[in-house]
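Since the structure of chain D is already known, use the hints to place chain B on it.
Spelled out from the first residue to the last, the chains are:
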Amino acid sequence: MELKNINIKGIPTEEFNDNEYLENYIKELEANGVNVVLSKLDEMINWGRSNSIWPLIYATSCCGIEFMSTAAAHHDIARFGMEVTRNSPRQADLMIVAGTMVHKMAPLIKRVYDQMAEPKYVLAMGACAISGGPFVNSYHVINGVDQIIPVDVYVPGCPPRPESLFYGLMQLQRKIKVEQFLGNKQR
Amino acid sequence: MENIKKVILSAVKEAVIEDKKILTVTVEPDKLHLLAKTLRDNAELQFDYLVKLIGMDWGEKLGVIYLLSTSKDLSKEIVLKTGTADRENPLLYSVTDLYETAHYNEREVYALLGIRFINNPDMRRFFLNSDWVGFPLRKDYDANPELNPVSVESVEMVDTAPRIMETADGLVEETVNIFEDDDYIINIGPQHPSTHGVMHFRTALDGEIVKKIDVHSGYIHRGIEKLSENLTYPQILHFTDRLDYLSANINRHALCMCVEKAIEIEVPERAQYIRTIMDELNRIDSHLLAWSAMTNDLGATTAFIYGMREREIILDIFDKTCGGRLIINQNVIGGVMFDIYADFQKDVKSFIPYMRTKLIEYDRFFSHNVIALGRMVGIGNMTKEEAITYAVTGPAGRASGWSCDIRKHQPYSLYNKVEFKEVIRTEGDSYARYLNRLDEIEESLHIIEQLIDNIPAGEIITKPKAIIRIPEGEYFQRIEAAKGEFGVYIDSRGDKTPYRMKFRSPSMALVSVMPLICQGEKISDLIGIGGSMDYVIPDIDR
Chain D
1 MELKNINIKG IPTEEFNDNE YLENYIKELE ANGVNVVLSK LDEMINWGRS NSIWPLIYAT
61 SCCGIEFMST AAAHHDIARF GMEVTRNSPR QADLMIVAGT MVHKMAPLIK RVYDQMAEPK
121 YVLAMGACAI SGGPFVNSYH VINGVDQIIP VDVYVPGCPP RPESLFYGLM QLQRKIKVEQ
181 FLGNKQR
Chain B
1 MENIKKVILS AVKEAVIEDK KILTVTVEPD KLHLLAKTLR DNAELQFDYL VKLIGMDWGE
61 KLGVIYLLST SKDLSKEIVL KTGTADRENP LLYSVTDLYE TAHYNEREVY ALLGIRFINN
121 PDMRRFFLNS DWVGFPLRKD YDANPELNPV SVESVEMVDT APRIMETADG LVEETVNIFE
181 DDDYIINIGP QHPSTHGVMH FRTALDGEIV KKIDVHSGYI HRGIEKLSEN LTYPQILHFT
241 DRLDYLSANI NRHALCMCVE KAIEIEVPER AQYIRTIMDE LNRIDSHLLA WSAMTNDLGA
301 TTAFIYGMRE REIILDIFDK TCGGRLIINQ NVIGGVMFDI YADFQKDVKS FIPYMRTKLI
361 EYDRFFSHNV IALGRMVGIG NMTKEEAITY AVTGPAGRAS GWSCDIRKHQ PYSLYNKVEF
421 KEVIRTEGDS YARYLNRLDE IEESLHIIEQ LIDNIPAGEI ITKPKAIIRI PEGEYFQRIE
481 AAKGEFGVYI DSRGDKTPYR MKFRSPSMAL VSVMPLICQG EKISDLIGIG GSMDYVIPDI
541 DR
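Those protein sequence lines, which keep their order, are chains D and B.
The first sequence begins at 1 in our numbering and counts up one residue at a time.
The second sequence begins at 1 in our numbering and counts up one residue at a time.
Misleading hints may appear alongside valid ones.
To be verified - Here are the simulated distance ranges between beta carbons:
1. D:W54 <-> B:V158: 46 to 56 angstroms
2. D:R79 <-> B:F365: 17 to 27 angstroms
3. B:K320 <-> D:Y25: 51 to 61 angstroms
To be verified - Which residues of chain D face chain B? A few of them, derived with a C-beta cut under 10 angstroms, are:
4. G64
5. S69
6. A72
7. A73
8. P107
9. N137
10. Y139
11. I142
12. I148
13. V151
14. P162
15. F166
As the list claims (entries may be wrong) - Capping the alpha-carbon separation at 25 angstroms, the derived lysine to aspartate or glutamate pairs in DMTMM-like fashion look like this:
16. D:K40 <-> D:E20
17. D:K177 <-> D:E23
18. B:K358 <-> B:E385
19. D:K110 <-> B:D214
20. D:K110 <-> B:E153
21. B:K13 <-> B:D97
22. D:K27 <-> D:D152
23. B:K408 <-> B:E269
24. B:K320 <-> D:E163
25. B:K13 <-> B:D48
26. B:K72 <-> B:E269
27. B:K31 <-> B:D169
28. D:K120 <-> B:E153
29. D:K110 <-> B:E156
30. B:K358 <-> D:D152
31. D:K110 <-> B:D131
32. B:K37 <-> B:E77
33. B:K349 <-> B:E385
34. D:K110 <-> B:D159
35. B:K81 <-> B:D140
36. D:K110 <-> B:E146
37. B:K20 <-> B:E44
38. B:K20 <-> B:E474
39. B:K320 <-> D:D76
40. B:K408 <-> B:D439
Calculated from the structure, these hints are not laboratory results.
Cβ coordinates follow ideal geometry from the N, Cα and C atoms, glycine included.
Bound conformation, chain D alone (with noise of 0.2 angstroms):
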């Protein structure tokens, strides 16, 4: 991808690159061949999945409203085939997580991953899921959502532009793209 130069303080312009580590990694790891069947039907496998990912909404404060903008028109997630969000974690396989997570709510987080069926996906939205953000010396707030549950992808801000949301769901879609999905156990 070309870059125009970006002129921000303290990070260089090739920080901004497309990693691909991942894939590079897979073409390493396929360099001495692979199955003919199985690789070429994983392959059709990861692209569908990775472009009908139906996220679950858990979304605790300001960054579920850019959620809902990015949803809506003007962002617009069908593009990625992300549109059919469900309220129900049995049925998704991404939950975003867009919001502060406190005490009172870790159980119930907790509860809602563990009830999502495999494979499933985590994406940590905003400051507060990250790192707990500006709230991070408060008495009752999780330092981060990835202490409870693992997260795949995060995306920084507060709150993130739909666009960097985009971004890092384009993140996972190309994590799950390499996956392998037949033959072996997942992740």
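Same frame as chain D, but now just chain B:
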């Protein structure tokens, strides 16, 4: 003024009256109820609106501050104070029988300061779990995380409430059941898409009729008030945005005004114009989201997409002005952070007629839809008296016929220079609240129209000193946010950080009235009523 003093002294002889900016009366705990009752029932004074109930830790004493106002004229204010020196088992008297809104506020005070209220019908902790160690807002709170570790073990819901009642033979501690034994109870929330956040309603049903609702809150209690005590004022500004994020700019405006008044700096005219215009745009944005979410709750997904489409245009204007979309860090102490961009006026002026045509469109395709009417008209009725005692302000309060717009009663910024109508309806049902929001969008457009061409040139900020220290004292600031009256209270000891910071959340009142107005309605309408109230949970939990 003299009259008020006479009334107070005739009721409570020992009352200590101080002439501050707001008349402040300090009494012993056992006299407070009597004083509040006198002030409320006095035909002339009628202090029937409890604006704020603030739990305080003064060091040697624990106590409560009440800010009272009258429902007829919101600019009249009086402050009552009471406290107890007993830190082990502090007990005060409840005013829940006079002001229903005190109920949840007192439970909040119990959770955060450990003060229990005699005669409050339900003395459970509001935000924190019942096994929480310590009382966070006390100055000697031990914040050691080992005392309160994060637990992922599910806790059993206990439907009994302790309380302390005053009887003829002294105080009696007792436990009451919230539900009856054979009630059918379901949980709505905390993770439920239509509760508009993480609210938890334990609902007892009789068939599909709602019998009783028990509200559990605190699933997003972030401890903002405690955090504020260790931060400087410019740092606290960022928290106000994240309370009610839909009226982020308005909340921030409130804290800015409170600090500006305290340190006595004048905000430049240009900044006032920018602030007022941004506030009104923010209000439209909030009402549009409320409208969209409500229609979505009622099953009209298309309407949701329409509302969000119009909202994006406002967000684009915010984005171009200061780079933020939802949370715009525009207001700072002394003025605004960024000047408006070159095409700002052009963009806003093209938005106004566009929004007007869209309002007609909304009216045409949703407001008179038979199904929508069936789910809104006559549903969730709230009378004016109920609105006042539960302190329900904003579009919901005005839908019950209560004129409670702070912009009219206590004009701030430029609201005394512009002409606008306070939208009041008397039906008090979901439909009235729904229509009120759409009409308020129109009024906001009208306000912007009057200001947009007259933005004067000049400075956008009066720079305060690098380190802002507020002189010793107490400061109240009230403002009309999109959901109702938002308030800031600062107790300063002359430091660069506040001694105590309290935010009055309009949404808390909106939720506290839900058990009342949902009683006897269908369970599917509970969602619709919730949409019409339009509460924001992080604003309640703080």
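Status of each hint after checking the structure:
1. D:W54 <-> B:V158: 46 to 56 angstroms: violated (35 angstroms)
2. D:R79 <-> B:F365: 17 to 27 angstroms: The hint (17 to 27 angstroms, Cβ to Cβ) holds, given that R79 of chain D and F365 of chain B are roughly 26 angstroms apart.
3. B:K320 <-> D:Y25: 51 to 61 angstroms: violated (41 angstroms)
4. G64: With Cβ-Cβ at 7 angstroms, under 10 angstroms, it holds.
5. S69: holds (6 angstroms)
6. A72: With a closest approach of 3 angstroms, the A72 of chain D hint holds.
7. A73: holds (4 angstroms)
8. P107: With a closest approach of 5 angstroms, the P107 of chain D hint holds.
9. N137: holds (6 angstroms)
10. Y139: Since chain B brings a Cβ to about 5 angstroms from Y139 of chain D, closer than 10 angstroms, the hint holds.
11. I142: Holds, about 6 angstroms.
12. I148: Status holds, d = 6 angstroms.
13. V151: Not OK, violated: V151 of chain D not within 10 angstroms of chain B, min 15 angstroms.
14. P162: holds (8 angstroms)
15. F166: violated (14 angstroms)
16. D:K40 <-> D:E20: Holds - the C-alpha atoms of E20 of chain D and K40 of chain D are around 21 angstroms apart, at most 25 angstroms.
17. D:K177 <-> D:E23: Judged against 25 angstroms, a Cα distance of about 9 angstroms means the pair holds.
18. B:K358 <-> B:E385: violated (35 angstroms)
19. D:K110 <-> B:D214: Holds, at about 24 angstroms.
20. D:K110 <-> B:E153: holds (9 angstroms)
21. B:K13 <-> B:D97: Given that 25 angstroms is the threshold and the Cα spacing comes to 23 angstroms, the pair holds.
22. D:K27 <-> D:D152: Holds, at roughly 21 angstroms.
23. B:K408 <-> B:E269: Since the Cα atoms of K408 of chain B and E269 of chain B sit roughly 20 angstroms apart, the hinted pair holds (cutoff 25 angstroms).
24. B:K320 <-> D:E163: The hint holds at about 16 angstroms.
25. B:K13 <-> B:D48: holds (22 angstroms)
26. B:K72 <-> B:E269: Answer violated: K72 of chain B to E269 of chain B is near 31 angstroms, above 25 angstroms.
27. B:K31 <-> B:D169: Holds: K31 of chain B and D169 of chain B sit about 19 angstroms apart, inside 25 angstroms.
28. D:K120 <-> B:E153: holds (21 angstroms)
29. D:K110 <-> B:E156: Roughly 15 angstroms between the alpha carbons, so the hint for K110 of chain D and E156 of chain B holds.
30. B:K358 <-> D:D152: violated (41 angstroms)
31. D:K110 <-> B:D131: The hint holds at about 20 angstroms.
32. B:K37 <-> B:E77: holds (15 angstroms)
33. B:K349 <-> B:E385: violated (40 angstroms)
34. D:K110 <-> B:D159: holds (23 angstroms)
35. B:K81 <-> B:D140: Holds, because 22 angstroms separates the two Cα atoms, which is no more than 25 angstroms.
36. D:K110 <-> B:E146: Cα-Cα ~20 angstroms, so holds.
37. B:K20 <-> B:E44: It holds: about 22 angstroms lies between the C-alpha atoms, which stays within 25 angstroms.
38. B:K20 <-> B:E474: holds (9 angstroms)
39. B:K320 <-> D:D76: Given that 25 angstroms is the threshold and the Cα spacing comes to 21 angstroms, the pair holds.
40. B:K408 <-> B:D439: Holds - the C-alpha atoms of D439 of chain B and K408 of chain B are around 16 angstroms apart, at most 25 angstroms.
Violation of the numbered hints given earlier is confined to hints 1, 3, 13, 15, 18, 26, 30 and 33; the remaining hints are satisfied by the structure.
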